[in-house]
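Turn these sequences into a full structure, and let the hints steer you where they fit.
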Amino acid sequence: MLFSKFERLVAKRYLRAKRKEGFISVITGFAFTGIALGVATLIIVMSVMNGFRHELLSRILGINGHIGIMSPLGYPFNNYKEAVKDLAEIEHVTLVIPMIENQLLVSAGKSAEGAMVRGIEAQDLVKKPILKEAFKKVNLEDFKGDNVVMGIRLATKMGVVPGDKVTLISPNGKVTAFGTVPRMKSYQVIGTFEAGMYEYDSNFIFMPLETAQTYFGLKGAVTHIDVTIDDESLLAPVRRGIERSVSGDGAYVYDWKQTNAAFFNAIDVERNVMFIILTLIILVAAFNIITGLIMLVKDKGRDVAVLRTMGATKGMIMRIFFMDGAFIGVVGTALGLVLGLLFCHNIEAIRQGLQALMGRDLFSAEIYFLSKLPAKVDNMEVLTVVVISLLLSFLATLYPAYRAAKMDPVEALRYE
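Count the sequence shown with our numbering and you get residues 1 to 416, in order.
Hint data in this document are derived by calculation from the structure and do not stem from the laboratory.
Take the hints with a grain of salt, since some may be wrong.
Lysine-lysine pairs mimicking DSBU-like chemistry, simulated, CA-CA at most 30 Å apart [what the hints assert, rightly or not]:
1) LYS127 x LYS257
2) LYS165 x LYS110
3) LYS132 x LYS81
4) LYS85 x LYS165
5) LYS81 x LYS157
6) LYS110 x LYS185
7) LYS314 x LYS298
8) LYS132 x LYS144
9) LYS127 x LYS85
10) LYS219 x LYS127
11) LYS128 x LYS5
12) LYS127 x LYS137
13) LYS314 x LYS5
14) LYS136 x LYS85
15) LYS81 x LYS5
16) LYS81 x LYS110
17) LYS127 x LYS157
Label pairs and their computed distance ranges (CB to CB) [stated by the list, open to error]:
18) ILE276 x TYR399: 20 to 26 Å
19) GLU194 x ILE276: 22 to 28 Å
20) TYR399 x GLY29: 19 to 25 Å
21) LYS406 x ILE276: 33 to 39 Å
From the three backbone atoms N, C-alpha and C, an ideal C-beta is built for every residue, glycine too.
Here it is, written out as structure tokens:
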């Protein structure tokens with residue numbers, strides 16, 4: 001066995017502090033608590049960052065495709081039905097959705113807001129799980145004619161409820177001898193959708209594709225085509241294939257990484273920095289282990305000398321104190337692991353409880369884009385945190401254990 005029964009017995013007795021060793025016990029307690037809190041905090045923060053990225057990406061790709069094709073300005077896709085069929089035949093392409101997308105002003109009563117209007121077929125709305133869930137309170141049989149569906153936050157901000165009418169105002173209107181006349185038309189709101197992402201819930205209005213074609217003067221044409229693929233890792237080769245297929249049309253091809261590059265790069269940088277900073281908490285706790293063990297070695301100097309004179313080897317003494325420090329690291333890491341995982345699995349309930357207790361919003365959708373606090377536990381990251389914590393804890397025990405093993409029993413007993 002790695003540790004003998006005698007070594008385990010002595011190490012166990014040293015961990016039980018007597019009254020005169022109370023201060024050593026306090027330092028050990030701080031080291032134990034510090035490691036547990038450091039591991040738990042690191043797991044929680046990394047899981048929240050992973051969940052935030054995953055939820056944000058799923059919302060973005062749940063409403064938009066992996067790849068988008070935009071028509072040249074002033075030259076919409078008139079033959080989009082043929083293009084949709086050709087794109088659907090490309091390998092790894094699972095969904096192709098034609099649409100019209102344009103920014104305009106929406107007014108209701110005395111309220112006016114900028115909005116993004118998307119014209120899309122009713123059957124295409126239910127092809128994406130996120131959109132299907134977002135529109136579950138809307139009767140899609142009514143999604144036709146002069147009817148529209150607004151984002152729930154946009155509707156709330158403007159004081160609009162289902163059954164009300166809103167006026168859409170586009171600056172790209174008809175050109176007359178007296179200048180350009182803005183295009184204006186009223187539509188009835190038949191319901192609201194909630195995608196769970198603030199940017200969409202507060203800015204988007206969906207209308208039937210045919211209605212959008214009429215409003216924007218694009219009869220039989222679209223301005224955008226969304227493409228969804230089955231494997232995100234194949235984004236680059238699929239995009240190149242699409243670019244080759246539309247190269248003669250002058251269309252602009254882009255992907256979700258382009259449109260959201262700055263945002264996701266910022267998340268990745270913040271995630272890496274947080275990992276480094278929070279690892280320092282575990283490092284500080286490891287220094288507490290060193291302090292506690294050094295004081296324990298000083299206090300147990302006479303005991304160590306007696307053990308040496310009775311035949312205990314340097315290796316035995318070193319292993320005894322190594323076990324004491326390792327026990328603190330292992331138990332602290334295990335407790336931190338359990339606390340971190342429990343917190344992650346109940347994070348939304350904890351957030352709601354803290355909000356109710358403090359009376360303030362702790363996760364504003366306007367700032368963080370999502371309406372719920374997400375947490376996604378990555379098993380490999382959790383394993384990395386545990387390994388780092390144990391490694392730092394074990395390294396922290398080496399110097400005090402070495403000092404104990406090098407202690408001269410004659411010097412230790414001289415003045416006793």
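Evaluation of the provided hints:
1. Among the hinted pairs, LYS127 with LYS257 is consistent with the structure: their alpha-carbon atoms are about 22 Å apart, no more than 30 Å.
2. A C-alpha spacing of about 13 Å is found between LYS165 and LYS110, which places the hinted pair at or below 30 Å, so the restraint holds.
3. Annotation: proposed proximity of LYS132 to LYS81 holds, straight-line Cα distance about 23 Å (limit 30 Å).
4. At roughly 36 Å between alpha-carbon atoms, LYS85 and LYS165 are farther apart than 30 Å, so this suggested pair is violated.
5. Pair hint LYS81 plus LYS157 does not hold up; C-alpha atoms about 37 Å apart against a cutoff of 30 Å.
6. The hinted pair formed by LYS110 and LYS185 meets the criterion: a straight-line CA distance of about 16 Å does not exceed 30 Å.
7. Restraint check for LYS314 and LYS298: the C-alpha separation of about 16 Å stays at or below 30 Å, so the hint holds.
8. Distance hint between LYS132 and LYS144 is fulfilled; the C-alpha atoms sit about 17 Å from each other, no more than 30 Å.
9. Proposed proximity of LYS127 and LYS85 is supported: the alpha carbons are some 16 Å apart, at most 30 Å.
10. At most 30 Å may separate the alpha-carbon atoms for a hinted pair to count; LYS219 and LYS127 meet this at roughly 24 Å.
11. For the proposed pair LYS128 and LYS5, the alpha carbon gap of about 62 Å is over 30 Å, so the pair is violated.
12. Straight-line distance between C-alpha atoms of LYS127 and LYS137 comes to about 16 Å, which keeps the hinted pair within the 30 Å bound.
13. Proposed proximity of LYS314 and LYS5 is supported: the alpha carbons are some 16 Å apart, at most 30 Å.
14. Between LYS136 and LYS85 the CA atoms are separated by roughly 28 Å; this keeps the pair inside 30 Å, and the hint holds.
15. Distance hint between LYS81 and LYS5 is unfulfilled; the C-alpha atoms sit about 79 Å from each other, more than 30 Å.
16. For the hint linking LYS81 to LYS110, the alpha-carbon distance of about 40 Å lies beyond 30 Å, and the restraint is violated.
17. A distance of roughly 29 Å separates the Cα atoms of LYS127 and LYS157; the hinted pair therefore holds under the 30 Å criterion.
18. Range check, ILE276 to TYR399: about 24 Å between beta-carbon atoms, so the 20 to 26 Å window is met.
19. The given range of 22 to 28 Å is broken by GLU194 and ILE276, whose C-beta atoms sit roughly 37 Å from each other.
20. With their beta carbons about 21 Å apart, TYR399 and GLY29 fall inside the hinted range of 19 to 25 Å.
21. Between LYS406 and ILE276, the C-beta spacing of about 34 Å keeps the proposed range 33 to 39 Å intact.
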